[in-house]
Amino acid sequence: MIKISNLQFGYFDTEVLKGLNIEVKEDEILVLLGPNGSGKTTLLKILSKILKPKFGEVSILGKDINKYSISELARIVASVPQIHKQTFPYTVLDIVLSGRNPQLETLKPSKKDLEVALKVLEELSILHLKDRPYTNISGGELRLVLIARALAQEAKILLLDEPTAFLDFKNSNLILNKIIELRDKRHITFIITLHDPNEALRIGDRVALLKKGEIVDIGKPFEVINEKNLRKVYNIDVERVEIDGKVFIYAK
Amino acid sequence: MGKFSSTQNRKFYLLLIVPVIFNIVLILVSMSVGRYKVDIKNILFLKNLTSIDRAVLIDVRLPRIMAAILFGATLSQTGAVYQGMFNNPLVSSYILGVSSGAGFGAAVGILFSSNILLIEGLAFIFGIIAVILTLTISRAKSESISLVLSGFVVGSLFQSFLSFLKYVADPYTKLPSIVFWLMGSLSQITLKDIVIIAPILVLLLVVVALFGWKLNILSFGDEEAVSLGENPRLLKRVLIFLTTLQSVIVVSFAGVIGWVGLIIPHTVRFLVGYDNSKVLVLSIFFGSGFLLLIDTLSRTAFPVEIPIGILTGIIGAPFFFVLIRRRHN
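Here the protein sequences come in this chain order: A and B. The letter at position 21 of the first sequence is residue 21 when you use my numbering, and the numbering goes up by one with no holes. The letter at position 24 of the second sequence is residue 24 when you use my numbering, and the numbering goes up by one with no holes.
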């Protein structure tokens, strides 16, 4: 699905990504885990063509990312940013409808586009919010609206940047469950950055552990997320416990 | 779902029809009132019009009314475009320095000649030069904020040039004309001017309105625009080209008329919501009515004619204040 080889990127004189090699398979949830500044967000931005790789190759569905036009790529890769600046109080429906942009044939969405947007809202159980100003909903609802906008793009690959950030316990669980549900129902490939190893354990099919632009380890979550690796990456001591066959991590 | 879209559309069409009717009535009233009164019934049925009536209506009032309608529509629409494009509800049609450049150009024209065509021409050219300068300076960075800052810098630069010209201008003949030009006025527009600019302005209004929905995408910022499949730099270039043409035409014929591009888009959003595909259309009809109303007041409400730029400010500022207060409640 996605093949990243020897990817390097830097802002001015600081190197952010130092030769990454990752392969993402179809229908999998790949979690990028690592401390602030490890290059997770940068990687997502390269995958959505917001940033250009300095060196190395990224190919999506067998085609080099540089050969995609912006709108062509947006039909395959959609992303949900971590921070979204709400300047104007558009309605929730307006926001989700804007996800149809790469699929438009004219300068405006058609009736069919409206139907797609409404269907996505229904699928995420937020149809009742459609006429509300999106500046006037809860943090969890906003996150769902932004996910709905990405789904409206009808892309096969979804990039989520810290989808549980700033959310309360209930809402972050709601988002995580939605992600699993969407992968199962819609066969979407996810690349998700997360901060909490327990969340990575819960939803990841595979986890890539990053530190300062390099991959420390990549593989099955319960293999990658262990005491040794986390000490290496976060510089803290953690302990792993297993309850009912599920692995949990806590800091000591 | 069908119900949803039809109620939304009904509101939009209602908000379209009301200002259109308002504008038609206002045009008739504005044709009739003034220092020389013409009976409104005679205008409506085109009957019993004396040759003086005709001269006043066609040569004096008609160009001015058409200018008010076109310029009000254009200023409102460009204001709405810039507010969406720069992610900032407080920017106006003059954000890229077009008014300062045009003001300077007009002052140069007034200083060296009294030919109105030359004054308008120089205003037009320097308005364009100012915007090109703004775009060149900001090119190092593509972010919207750098465009806004560059516009500010270029605007200040031309303001200083303008102040210099005012300082050296003959205080009895030239200086008053410069000051008067800067306050904005529609009194010098002729029917010939209108014949040339009306088709251009109408075409630009329609084309820009077509980009309304795309403007929603731009208003999310460059990064999100890219991930939504839009090339923000290209789209911005197209829109800046179109809106610069729009605003420079208005400024070079009418001087600096402030506030319209700020209060009309806000009023329209207050009524219809924030989807720019609706805002850019309704701004045309609300803006034209507003400026025609102000211009009609400016030439009838006081013993002497008040420059239109002064009136838009006096009426605009408190109105804007009320609008902001209401939105926060």
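Possibly wrong hints are sitting among the right ones.
[As the list claims (entries may be wrong)] Pairs of lysine-lysine, DSSO-like flavour, derived with a Cα cap of 30 Å:
(1) Lys45/A to Lys156/A
(2) Lys112/A to Lys47/B
(3) Lys220/A to Lys246/A
(4) Lys52/A to Lys11/B
(5) Lys111/A to Lys192/B
(6) Lys11/B to Lys63/A
(7) Lys54/A to Lys236/B
(8) Lys236/B to Lys108/A
(9) Lys236/B to Lys45/A
(10) Lys212/A to Lys185/A
(11) Lys67/A to Lys236/B
(12) Lys85/A to Lys192/B
(13) Lys156/A to Lys236/B
(14) Lys112/A to Lys174/B
(15) Lys11/B to Lys108/A
(16) Lys52/A to Lys246/A
(17) Lys111/A to Lys174/B
(18) Lys18/A to Lys246/A
(19) Lys11/B to Lys85/A
(20) Lys192/B to Lys119/A
(21) Lys67/A to Lys3/A
(22) Lys111/A to Lys25/A
[Claimed, not checked] Listed next, with one range per pair, are the computed distances between beta-carbon atoms:
(23) Glu181/A to Thr7/B: 55 to 65 Å
(24) Leu107/A to Leu16/B: 16 to 26 Å
(25) Arg10/B to Glu105/A: 49 to 59 Å
(26) Glu123/A to Val207/B: 57 to 67 Å
(27) Thr7/B to Arg231/A: 55 to 65 Å
(28) Ile83/A to Arg325/B: 52 to 62 Å
(29) Lys63/A to Ala198/B: 46 to 56 Å
(30) Ala301/B to Ser125/A: 52 to 62 Å
(31) Arg325/B to Lys54/A: 47 to 57 Å
(32) Val206/B to Lys63/A: 34 to 44 Å
[Said to hold, decoys possible] A few chain B residues that face chain A, going by a derived Cβ cut-off under 8 Å, partial list only:
(33) Asn48
(34) Asp170
(35) Leu228
Calculated directly from the structure, the hints in this document are not laboratory data. Heads up, the beta-carbon is just placed ideally off N, CA and C, and yes, glycines get one too.
- If any of the earlier hints don't hold here, list their numbers in rising order. Hint check: 2, 4, 5, 6, 10, 12, 14, 16, 17, 18, 20, 22, 23, 25, 26, 28, 33 and 34 fail, others pass.
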